[in-house]
Amino acid sequence: MRRAGGSLWRARAGLGGALQSQLQPQHARSYARSVVLSEEEGQQRVVEASLTLVRELARLKADHVRKRGGAIATSCMLGVPLGHNSSFLQGPAFSPPRIREAIWCGSTNSTTETGKQLEDVRVLTDVGDVPIQEMRGCGLPDEKLMRTITDSVKLVMDEPPLRPLVLGGDHSISFPVVRAVSEFLGGPVDILHIDAHPDIYHAFEGKHYSHASPFARIMEGGHARRLIQVGLRSITQEQRDQAKKFGVEQHEMRTWSQDREKLENLHLGEGVKGVYISIDVDCLDPAYAPGVSHIEPGGLSFRDVMNIVQNLKGDIVGCDVVEFNPQRDTVDGMTAMVAAKLVRELCAKMSK
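Each residue of the sequence shown is one higher than the one before, starting from 0 at the first, in numbering that gives the first Met the number 0.
Some clues are possibly wrong.
[Claimed, not checked] Once the Cα atoms are required to be at most 27 Å apart in a straight line, the calculated BS3-like pairs of lysine-lysine come out as:
| hint | residue 1 | residue 2 |
| --- | --- | --- |
| 1 | K351 | K272 |
| 2 | K261 | K244 |
| 3 | K243 | K272 |
| 4 | K272 | K312 |
| 5 | K206 | K261 |
| 6 | K244 | K272 |
| 7 | K340 | K312 |
| 8 | K261 | K351 |
| 9 | K66 | K351 |
| 10 | K272 | K143 |
| 11 | K153 | K66 |
| 12 | K312 | K153 |
| 13 | K312 | K351 |
| 14 | K261 | K340 |
| 15 | K243 | K312 |
| 16 | K243 | K66 |
| 17 | K272 | K261 |
| 18 | K143 | K66 |
Bear in mind the hints are in silico, worked out from the structure with no lab data behind them.
Kindly produce the complete structure, drawing on both the sequences and the hints.
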């Protein structure tokens with residue numbers, strides 16, 4: 000029995016050794032394959048993790064809103080800290096946390112000018128930031144990055160009554176956000192774009208997704224029926240030609256006194272899926288908001304912008320505030336407070 004047992008043990012040992020010798024090269028080959036595919040697979044996993052985070056936060060926050068009841072539309076902040084598509088300074092990537100800090104810093108009360116209470120989750124909620132830098136850090140190309148932003152915004156909209164109030168970031172983010180709104184709602188929107196620059200170059204410095212080109216991408220994609228640009232005071236012939244090509248309505252500061260009454264009484268969104276508002280902080284005169292990358296004197300006052308937004312008639316389905324650059328702000332954070340005020344009042348306009 001000992002001899003038989005020993006033979007059985009030796010047979011098993013031999014079989015195990017043979018299996019081990021066969022498995023080792025297979026494991027090595029499998030490992031080699033995973034190394035070859037790891038970058039692409041890793042990128043996809045990071046994207047999926049990002050979308051899962053936004054999805055679950057949106058679901059949780061929307062549940063809180065729905066339990067309170069009575070909300071038709073709730074503004075939902077979503078940060079998109081992207082700055083690498085800037086043509087000059089990339090500081091806008093740092094702005095979402097600064098805007099949030101300014102909203103809740105306590106230097107002003109939590110009631111908007113129209114009487115909405117920001118502490119009411121039916122008025123304002125927040126799902127955090129899309130992890131842009133983490134995705135870029137694993138080599139995700141811009142096209143996929145833009146699609147991930149689009150998908151993130153759709154996840155917010157998929158949880159009624161949430162509507163996206165997006166914190167940039169440079170202005171390149173407006174393209175994927177507007178695309179999300181248009182695709183989710185099933186048709187184009189009207190856009191009110193308030194900015195010192197038209198941002199409608201076909202491409203800028205070789206970048207298809209430059210912060211100087213989002214509205215070209217939007218119009219090419221058929222995501223907007225009507226685009227009204229207000230506050231312009233730095234415009235090239237190429238951008239005039241682009242505006243003519245796409246039927247864009249451009250209102251320059253040099254004709255502000257003539258256009259003011261019309262622009263303070265806009266009625267948009269009829270016959271389309273609603274109205275989208277995009278505000279570049281540099282639309283304001285730098286006396287009010289010096290913390291921007293591209294300073295252009297001779298801009299709108301804060302009250303000018305508020306009159307346009309607050310008097311606008313139409314169903315607001317999404318909005319963004321972009322191009323605040325904390326690295327150029329004053330020591331006391333004046334531009335952060337201005338950007339926060341814009342967000343607060345856009346929230347009040349969209350929520351109902």
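Here is how each hint holds up against the structure:
Our distance criterion of 27 Å between C-alpha atoms is met by K351 and K272, whose separation comes to about 17 Å. Distance hint between K261 and K244 is fulfilled; the C-alpha atoms sit about 23 Å from each other, no more than 27 Å. Straight-line distance between C-alpha atoms of K243 and K272 comes to about 23 Å, which keeps the hinted pair within the 27 Å bound. With a C-alpha separation of about 14 Å, the suggested pairing of K272 with K312 holds against the 27 Å cut-off.
Of the supplied pair hints, the one linking K206 and K261 is violated, its CA atoms being roughly 35 Å apart against a limit of 27 Å. Of the supplied pair hints, the one linking K244 and K272 holds, its CA atoms being roughly 23 Å apart against a limit of 27 Å. Under the criterion of a C-alpha separation no larger than 27 Å, the hint pairing K340 with K312 is consistent with the structure, at around 20 Å. Distance hint between K261 and K351 is fulfilled; the C-alpha atoms sit about 25 Å from each other, no more than 27 Å.
Taking the CA atoms of K66 and K351, the gap is about 16 Å. The hint holds against a cut of 27 Å. Taking the CA atoms of K272 and K143, the gap is about 26 Å. The hint holds against a cut of 27 Å. The suggested pairing of K153 with K66 holds, with an alpha-carbon distance near 22 Å, which does not exceed 27 Å. Between K312 and K153 the CA atoms are separated by roughly 24 Å; this keeps the pair inside 27 Å, and the hint holds.
For the suggested pair K312 and K351, the alpha carbons sit about 14 Å apart, so the restraint of at most 27 Å is met. Under the criterion of a C-alpha separation no larger than 27 Å, the hint pairing K261 with K340 is consistent with the structure, at around 24 Å. A hinted pair counts as satisfied when its Cα atoms are at most 27 Å apart, and K243 with K312 qualifies at roughly 25 Å. Distance check on the hinted pair: K243 and K66 sit about 48 Å apart at the alpha-carbon level, beyond 27 Å; violated.
With a C-alpha separation of about 22 Å, the suggested pairing of K272 with K261 holds against the 27 Å cut-off. For the hint linking K143 to K66, the alpha-carbon distance of about 35 Å lies beyond 27 Å, and the restraint is violated.
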